[in-house]
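Engineer: Each chain, written out:
8 protein chains.
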Amino acid sequence: MDVRQLLEQVKTGKVSLEEAERYLKDLPYEDIGCAKLDYHRSLRSGFGEVIYGPGKTVEQIVQICSHFAARKANVLATRVSPQQAEAVQRVLPEAEYEKLGRTLTLRFDAPRDLGFVAVCTGGTADIPVAEEAARTAEFFGCHVERIFDVGVAGIHRLFAKLEILRKANCIVAVAGMEGALAGVTAGLVENPVIAVPTSVGYGASFQGVAPLLTMLNSCAEGIGVVNIDNGFGAGYLAAQINRLAEKSR
Amino acid sequence: MDVRQLLEQVKTGKVSLEEAERYLKDLPYEDIGCAKLDYHRSLRSGFGEVIYGPGKTVEQIVQICSHFAARKANVLATRVSPQQAEAVQRVLPEAEYEKLGRTLTLRFDAPRDLGFVAVCTGGTADIPVAEEAARTAEFFGCHVERIFDVGVAGIHRLFAKLEILRKANCIVAVAGMEGALAGVTAGLVENPVIAVPTSVGYGASFQGVAPLLTMLNSCAEGIGVVNIDNGFGAGYLAAQINRLAEKSR
Amino acid sequence: MDVRQLLEQVKTGKVSLEEAERYLKDLPYEDIGCAKLDYHRSLRSGFGEVIYGPGKTVEQIVQICSHFAARKANVLATRVSPQQAEAVQRVLPEAEYEKLGRTLTLRFDAPRDLGFVAVCTGGTADIPVAEEAARTAEFFGCHVERIFDVGVAGIHRLFAKLEILRKANCIVAVAGMEGALAGVTAGLVENPVIAVPTSVGYGASFQGVAPLLTMLNSCAEGIGVVNIDNGFGAGYLAAQINRLAEKSR
Amino acid sequence: MDVRQLLEQVKTGKVSLEEAERYLKDLPYEDIGCAKLDYHRSLRSGFGEVIYGPGKTVEQIVQICSHFAARKANVLATRVSPQQAEAVQRVLPEAEYEKLGRTLTLRFDAPRDLGFVAVCTGGTADIPVAEEAARTAEFFGCHVERIFDVGVAGIHRLFAKLEILRKANCIVAVAGMEGALAGVTAGLVENPVIAVPTSVGYGASFQGVAPLLTMLNSCAEGIGVVNIDNGFGAGYLAAQINRLAEKSR
Amino acid sequence: MDVRQLLEQVKTGKVSLEEAERYLKDLPYEDIGCAKLDYHRSLRSGFGEVIYGPGKTVEQIVQICSHFAARKANVLATRVSPQQAEAVQRVLPEAEYEKLGRTLTLRFDAPRDLGFVAVCTGGTADIPVAEEAARTAEFFGCHVERIFDVGVAGIHRLFAKLEILRKANCIVAVAGMEGALAGVTAGLVENPVIAVPTSVGYGASFQGVAPLLTMLNSCAEGIGVVNIDNGFGAGYLAAQINRLAEKSR
Amino acid sequence: MDVRQLLEQVKTGKVSLEEAERYLKDLPYEDIGCAKLDYHRSLRSGFGEVIYGPGKTVEQIVQICSHFAARKANVLATRVSPQQAEAVQRVLPEAEYEKLGRTLTLRFDAPRDLGFVAVCTGGTADIPVAEEAARTAEFFGCHVERIFDVGVAGIHRLFAKLEILRKANCIVAVAGMEGALAGVTAGLVENPVIAVPTSVGYGASFQGVAPLLTMLNSCAEGIGVVNIDNGFGAGYLAAQINRLAEKSR
Amino acid sequence: MDVRQLLEQVKTGKVSLEEAERYLKDLPYEDIGCAKLDYHRSLRSGFGEVIYGPGKTVEQIVQICSHFAARKANVLATRVSPQQAEAVQRVLPEAEYEKLGRTLTLRFDAPRDLGFVAVCTGGTADIPVAEEAARTAEFFGCHVERIFDVGVAGIHRLFAKLEILRKANCIVAVAGMEGALAGVTAGLVENPVIAVPTSVGYGASFQGVAPLLTMLNSCAEGIGVVNIDNGFGAGYLAAQINRLAEKSR
Amino acid sequence: MDVRQLLEQVKTGKVSLEEAERYLKDLPYEDIGCAKLDYHRSLRSGFGEVIYGPGKTVEQIVQICSHFAARKANVLATRVSPQQAEAVQRVLPEAEYEKLGRTLTLRFDAPRDLGFVAVCTGGTADIPVAEEAARTAEFFGCHVERIFDVGVAGIHRLFAKLEILRKANCIVAVAGMEGALAGVTAGLVENPVIAVPTSVGYGASFQGVAPLLTMLNSCAEGIGVVNIDNGFGAGYLAAQINRLAEKSR
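So the protein sequences, as listed, match chains A, B, C, D, E, F, G and H.
The opening residue of the first sequence carries number 214 in the working numbering; numbering runs sequentially from there.
The opening residue of the second sequence carries number 214 in the working numbering; numbering runs sequentially from there.
The opening residue of the third sequence carries number 214 in the working numbering; numbering runs sequentially from there.
The opening residue of the fourth sequence carries number 214 in the working numbering; numbering runs sequentially from there.
The opening residue of the fifth sequence carries number 214 in the working numbering; numbering runs sequentially from there.
The opening residue of the sixth sequence carries number 214 in the working numbering; numbering runs sequentially from there.
The opening residue of the seventh sequence carries number 214 in the working numbering; numbering runs sequentially from there.
The opening residue of the eighth sequence carries number 214 in the working numbering; numbering runs sequentially from there.
Just so you know, the hints here were simulated from the structure itself, not pulled from any lab data.
Any given hint might turn out to be false.
Cross-link-like lysine-lysine pairs, in silico, DSSO-like; alpha carbons within 27 Å at most [claimed, not checked]:
| no. | chain 1 | residue 1 | chain 2 | residue 2 |
| --- | --- | --- | --- | --- |
| 1 | B | K227 | H | K312 |
| 2 | E | K227 | D | K227 |
| 3 | D | K374 | C | K380 |
| 4 | B | K227 | F | K380 |
| 5 | F | K374 | H | K285 |
| 6 | B | K227 | B | K269 |
| 7 | D | K227 | C | K460 |
| 8 | F | K227 | B | K224 |
| 9 | D | K374 | C | K374 |
| 10 | G | K312 | E | K460 |
| 11 | D | K374 | A | K269 |
| 12 | F | K269 | F | K227 |
| 13 | F | K374 | G | K374 |
| 14 | D | K460 | B | K374 |
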């Protein structure tokens with residue numbers, strides 16, 4: 214029963230004032246106007262369901278994916294282990310597993326046709342995180358250009374890609390170790406850069422703290438930072454920005 | 214002399230091949246095609262000049278502002294001390310100083326008419342940082358809705374503003390202490406949230422480390438984090454996103 | 214207009230379904246059932262208003278206190294500077310200022326008569342934080358026994374107070390430097406210990422990090438820890454526990 | 214021989230003054246009045262014995278449990294490995310092992326009938342820590358309501374449980390990653406919230422440091438924090454508070 | 214009344230069993246055998262009273278010192294500000310104030326004649342902490358050899374003093390910045406080295422964390438470390454060791 | 214087509230001004246004058262190729278090495294696992310693998326004959342990192358003197374090698390735990406010391422943080438520090454300095 | 214050839230002035246007077262050889278032990294793995310291995326008969342570190358009293374052992390988690406306390422940082438702290454102090 | 214008396230064997246062969262005296278400078294306050310004070326004519342540290358090219374200076390905030406880069422920790438890092454490298 218129905222029944226006397234009062238008081242806020250709230254927020258926003266793999270058993274993953282598949286809901290599962298993926302694919306052969314970024318996707322309709330996102334990495338070891346970001350952005354309808362291994366130690370590699378970087382609605386810059394890629398890139402383009410520090414490195418990189426601090430302290434404007442190794446978060450944010458950019462096309 | 218002129222002179226023989234080669238080799242990359250590069254990047258992107266106040270003498274600030282004013286260039290100066298502001302205003306009475314956020318602006322034309330950004334704070338002590346963000350976004354053409362003192366300890370205050378939050382192209386969430394505002398807000402809206410941790414708090418807030426970590430670890434998707442107290446960075450990023458959103462209106 | 218009134222007007226047709234729906238949708242959750250929500254949560258819980266002094270101007274503090282005084286609402290203001298206190302007392306001479314703990318209280322009725330809380334400190338330098346805790350607990354109706362300077366370096370001092378400690382409904386243990394007081398005390402009593410690390414110390418106490426970690430890692434059971442120097446938080450929690458203990462007397 | 218017996222024998226001359234003096238001087242403080250002190254403090258407080266599993270061999274665990282079982286003493290063992298549990302159950306089939314929270318319990322009488330504690334988690338990965346808390350509280354006689362996966366990223370889930378949360382004598386809020394659950398909950402209820410940060414998360418959660426700081430810095434009053442992943446400590450503190458609340462029923 | 218008296222009165226019936234039982238139960242442990250426990254531990258150990266200056270008002274310092282002076286008790290006050298010292302000296306002209314190390318001493322008898330302690334520093338900026346250590350050791354009866362500015366960057370300076378270092382019963386090594394003095398010294402002598410990291414330095418010395426870690430990680434055996442800048446603690450420990458060494462002379 | 218060719222074609226009219234302008238604008242900066250830029254920077258500097266092993270599959274390592282071998286390019290691969298090494302050696306038997314330092318080298322010509330570098334370690338456990346440094350310096354043409362296990366806890370071992378240390382163009386000092394070797398050495402020689410902290414140690418060495426801080430805070434002048442365990446970086450820097458020293462021989 | 218021999222040969226002309234000069238100049242400092250310096254410092258001090266196990270191969274350990282055994286030198290090897298121990302015992306069956314503390318000892322004469330050291334632990338999980346300390350102290354000739362599991366959460370356990378603690382020349386206090394044992398103990402005795410933080414604990418104990426800070430910040434005087442888990446260092450320091458105490462017996 | 218003289222006297226019998234033995238044993242190592250060791254190491258290396266200003270009184274600075282001036286020794290004093298400088302200049306008017314970098318120099322001869330060092334900064338706020346480096350390098354005989362405000366956020370500024378950077382024997386890269394300048398520069402040149410992190414920045418720059426970590430983790434080879442704000446250390450190291458490079462000209 215939604216709020217409108219409730220109010221109608223109050224008006225007609227089917228529901229007493231006391232009952233209505235209590236009902237409204239206890240309801241979750243969002244339920245008042247929107248039955249879809251029982252579904253995950255990402256679905257509500259038209260973005261499809263997202264599942265976070267770690268801490269879920271193989272059985273749970275299979276069950277959740279099957280549940281959504283039955284409803285023809287698109288699903289993106291992140292940080293999925295090969296064991297989890299294999300089990301899902303046994304039941305849902307249409308599920309697609311990307312090994313490097315450990316994403317598993319299940320699509321029942323074509324994604325929105327959003328604009329263009331560039332995903333860059335400083336080195337080759339950052340690619341798994343970048344793939345997570347890229348697959349996430351693609352799942353939500355973005356076109357993704359992968360520009361890998363363009364770290365600032367050999368800055369000409371980045372410059373060789375400058376034209377394409379400048380055309381993107383937004384750029385996801387993935388880098389470990391010193392993490393300077395985000396700042397240098399942001400200094401070269403006009404659109405937002407989403408910075409993803411990675412745990413790639415050793416010693417004083419402190420599992421990603423060094424690139425995280427580098428990115429937060431960047432002198433270049435136009436950078437938003439996400440958690441260490443959080444490719445998904447970057448891809449999601451990129452899709453949101455892209456959707457805004459493409460809204461009125 | 215820009216690249217075009219150089220090439221013309223190579224063609225006509227006024228400049229030898231050797232000279233042209235050396236010239237092109239040594240030139241900064243961006244200078245090749247764009248004389249505007251002598252100007253700050255933000256100007257190039259149509260966003261106006263930005264000056265960072267700290268570490269500059271009163272005389273330097275006055276000189277720089279005067280220089281831009283002479284060229285009718287719009288200027289935003291951040292973290293400007295009252296002494297610096299007063300000195301500029303003595304020479305340029307049209308300069309506007311906002312005390313809380315310590316921004317000084319100088320406009321010679323109407324800003325672009327970009328869309329709508331909401332700037333929220335957890336508490337009243339976060340307002341200076343929020344004002345820096347708001348003034349920055351406004352300088353770059355955004356409409357800003359200020360929604361202050363809506364921290365999660367009294368979450369009904371945030372909910373009372375939900376409708377307006379959901380209409381914004383993007384939200385700047387400014388919070389110190391526990392910093393949960395960004396995550397809770399991102400869970401309630403569809404558009405990007407730019408999270409600004411502040412150094413407001415004491416003890417285990419460690420001058421903003423606590424809200425910084427909270428924001429980086431948020432379970433809600435769609436959050437980009439900037440440096441502690443970096444209101445300017447958040448306002449700039451909000452303006453970039455807003456510009457993308459409004460591009461095609 | 215509260216929810217009950219609204220529902221009555223829906224029933225009688227004074228308010229249309231559409232209006233009622235929108236109203237309910239936009240209302241802060243808590244407002245639905247409880248008009249007192251415009252007031253601070255602490256008031257709602259019968260505990261009186263609380264004001265946090267830092268970041269407020271002298272004028273703001275005076276204004277807020279006057280506002281509450283006009284409504285005969287009890288007020289506790291914490292971390293109030295002598296300047297702020299003096300200004301309030303000029304307008305409201307009945308306001309009481311406690312210098313050490315920097316609390317300012319304004320009472321218009323007798324507090325609840327809750328049970329007994331013991332507030333201990335490791336050293337004399339911890340007393341300001343302890344006074345903040347004690348005054349807070351007293352404001353909310355607790356009886357407070359102050360047991361100061363009973364640090365574990367001379368443990369007989371603590372033992373001399375054991376009988377009284379064991380009678381308290383709960384104990385607030387305030388300590389800087391090594392911060393072992395909370396753990397040793399919890400090992401001696403049956404009721405909860407609220408541990409308050411203080412920034413008292415030097416060198417490797419790291420402004421309260423050392424006692425904070427000590428308290429979090431205590432081997433004794435029955436300890437809840439609050440932020441460094443957070444006397445108010447400890448006093449509030451003690452009052453909550455005390456209220457539970459005394460509920461059914 | 215307890216103190217009373219000793220004194221009687223001094224009076225009758227069976228024990229010389231010298232002997233009695235030495236005996237009293239060397240005795241542990243608590244032994245003076247209470248022979249039960251040879252037993253664990255938790256037993257003395259009527260709460261039953263507690264054993265901490267890590268660092269004990271399978272043989273040791275079995276031996277300790279058997280020892281208590283022979284005396285019909287209730288036992289709670291925490292962080293018990295499956296191997297340890299299996300070995301105990303082979304000898305004491307009545308021992309109950311809860312896999313998720315890794316607690317093992319042995320009861321010989323019905324627990325006290327204390328009041329009602331709510332144990333909440335932010336996500337599903339926090340459940341093991343929450344189960345440790347819940348089982349501990351139950352072992353000490355509390356009724357526990359489990360409210361799992363109500364993190365603030367989808368805050369309507371928490372609101373749907375508000376009524377039950379408000380009825381609890383105290384709430385244990387278990388959360389990793391950003392850890393905002395405790396603060397948001399404390400802002401919605403009147404009774405104490407015991408906050409348990411968990412090591413769930415990655416990157417800048419730093420194995421639980423992020424939620425720990427969030428919880429310590431919460432703007433909402435009425436929160437006591439325990440160590441990262443310390444479900445037992447939270448359950449114990451909840452039971453203490455509950456016992457106070459139920460004392461006089 | 215001490216334990217012996219009590220027992221006698223129990224025997225003679227002057228004190229009832231019940232009274233005696235309660236009395237023994239509540240007494241602080243240490244009081245049972247030793248009335249001196251009302252005095253500070255350091256006095257009990259024949260070492261004289263110690264007062265920690267910070268956090269005490271000028272009046273309190275004067276009062277405490279006067280109190281001890283009236284009883285002809287020796288007093289060492291540490292971290293005494295010039296203001297505090299001046300006020301004490303106005304009342305007690307015989308009090309001696311050492312400016313660099315900020316110690317104030319009041320002696321009424323000759324100190325014990327303990328053996329020989331060497332106090333070394335890495336640089337001249339470490340001398341205040343070293344003086345606190347030296348004065349403390351002297352107060353407790355040690356002979357002190359001051360060996361300042363013998364840091365390892367010019368290691369011949371340390372070697373020039375090797376003979377005297379090897380004769381000391383123990384060595385206090387005071388150093389900031391890299392803090393390698395303690396380890397190098399311990400590698401050259403047979404007796405214990407007490408290492409005192411200082412907050413002297415800048416940048417990555419992190420107010421003494423760098424030398425603290427260096428000293429804790431020293432490869433040389435025979436080092437005990439005290440808190441950053443804790444000259445008093447080092448001097449006290451040196452005196453304890455010296456007393457052991459000299460006991461049987 | 215390089216810049217010279219382009220300019221010639223502009224002069225002869227084969228390329229239009231517009232085309233040339235666009236071409237120059239988009240080119241990576243370094244490509245303008247130097248086709249070798251497609252190669253790695255280290256090659257450009259005459260130093261040979263460097264490959265970082267971690268994060269590369271066995272196949273990738275073999276492929277890259279084969280690629281260079283086909284062009285007779287010298288290769289240094291660092292942090293190569295035994296598995297990776299074995300696979301390369303199966304295809305390229307001339308490849309040399311050094312187990313301790315995990316370097317794999319492939320030489321097709323004699324290296325430059327640069328001067329003399331000393332590589333020292335504090336302990337035996339630091340040798341793997343030192344070997345990485347030594348092999349790197351040798352690969353780039355240095356003569357290397359290995360001086361291992363000369364930590365400052367037994368400083369005579371270092372002094373026994375002083376003459377040879379003073380002859381080196383530069384010294385690589387490798388040390389974990391307290392890390393004082395670099396500072397003591399720099400105090401004894403005239404030439405630069407490259408300090409390499411290692412993760413050797415336990416407890417408060419924090420995986421190399423302790424020696425890193427020691428080295429950064431050294432009172433001795435003439436020290437440049439590299440990342441924890443970064444033997445390669447130290448060897449490379451030593452070779453650069455050595456090359457400068459030997460340039461004009 | 215020692216210095217005396219050299220000088221004699223200079224006198225008799227067997228060695229030229231030039232040769233002698235060079236020899237003296239290059240010699241390690243300690244070699245000048247003491248041929249034993251080729252041996253480890255600990256031997257020089259009459260304390261026997263010490264070997265640190267980690268990072269040494271089984272073969273190396275066997276070789277070193279055999280080398281010393283051949284010379285009838287006493288050896289203490291610390292942190293020896295069972296594999297290493299077994300291999301040594303196969304060759305040297307008289308070698309004694311203590312599993313918990315992982316020490317291996319080889320004695321060829323009776324140790325010195327030094328005085329009495331007490332080694333305490335907070336919990337049972339600290340025993341391995343305590344055993345390392347105890348065995349080390351015993352190897353160097355101390356009598357050791359083991360007082361385990363006397364943590365401050367049940368402080369009567371510590372008090373029960375007070376008499377013996379007060380008789381010890383020095384006390385080694387080993388504790389993880391909160392680490393308050395050292396401070397409480399130091400407050401109860403007159404002699405030095407050597408504090409050993411352990412990595413026992415979880416969450417905010419940060420692998421021993423919490424007890425390390427507790428111990429460094431102790432309010433009780435007379436504490437020297439060693440590295441986390443450094444049982445050997447504590448035992449060595451205890452033996453040094455004990456030797457001083459017993460020197461003149 | 215130097216070693217040669219001693220040996221001659223031993224030979225002639227003027228000094229007994231016993232006397233000579235003791236003398237050699239106690240002498241500082243370096244004194245044996247080198248009387249210059251009484252002077253500071255930097256003097257010994259022909260580099261002139263260096264004085265560190267902080268912690269020295271105005272009188273001490275004047276006295277030390279006068280002492281050296283009397284001996285016509287060149288002096289470089291760093292971190293000299295204006296008060297200290299003024300006092301020195303009153304006595305020694307030839308002393309030169311550079312305000313920004315706070316260096317004071319006193320030269321009595323022309324410096325060596327070493328090669329060319331480039332000193333770069335990321336921003337204008339880094340200039341004081343850069344000036345300290347530059348003046349230091351100049352004092353020791355280097356030619357210095359100052360290249361300020363070439364941070365990577367506007368990377369064309371750096372590229373505009375590439376030719377001059379590539380000609381330098383070594384480069385000092387001074388940068389705060391993100392600190393990426395060192396890595397990008399090292400990727401563009403062949404010679405060593407000395408990286409100086411500065412405390413310029415705010416929030417998550419943590420007083421220079423962020424650029425320090427960035428520099429230590431740089432992917433580009435050929436970087437040696439010094440302490441935060443350590444301009445002197447960088448200038449000194451640059452001079453050492455330069456001296457090596459210029460040795461054989």
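Engineer: State for each hint whether it applies.
Structural biologist: For each hint, the structure was consulted:
Using a Cα cut-off of 27 Å, the hinted pair K227/B and K312/H is violated, with the two alpha carbons roughly 48 Å apart. A hinted pair counts as satisfied when its Cα atoms are at most 27 Å apart, and K227/E with K227/D qualifies at roughly 18 Å. Straight-line distance between C-alpha atoms of K374/D and K380/C comes to about 36 Å, which puts the hinted pair past the 27 Å bound. For the given pair, K227/B sits about 56 Å from K380/F by alpha-carbon distance, which is inconsistent with the 27 Å threshold.
The hinted pair formed by K374/F and K285/H fails the criterion: a straight-line CA distance of about 35 Å is larger than 27 Å. For the given pair, K227/B sits about 44 Å from K269/B by alpha-carbon distance, which is inconsistent with the 27 Å threshold. Pair hint K227/D plus K460/C does not hold up; C-alpha atoms about 50 Å apart against a cutoff of 27 Å. At roughly 11 Å between alpha-carbon atoms, K227/F and K224/B fall within 27 Å of each other, so this suggested pair holds.
Between K374/D and K374/C the alpha-carbon distance is near 43 Å, which puts this suggested pair outside the 27 Å criterion. The hinted pair formed by K312/G and K460/E fails the criterion: a straight-line CA distance of about 37 Å is larger than 27 Å. At roughly 24 Å between alpha-carbon atoms, K374/D and K269/A fall within 27 Å of each other, so this suggested pair holds. About 45 Å separates the Cα atoms of K269/F and K227/F, which puts this hinted pair outside 27 Å; it is violated.
For the suggested pair K374/F and K374/G, the alpha carbons sit about 52 Å apart, so the restraint of at most 27 Å is broken. At roughly 43 Å between alpha-carbon atoms, K460/D and K374/B are farther apart than 27 Å, so this suggested pair is violated.
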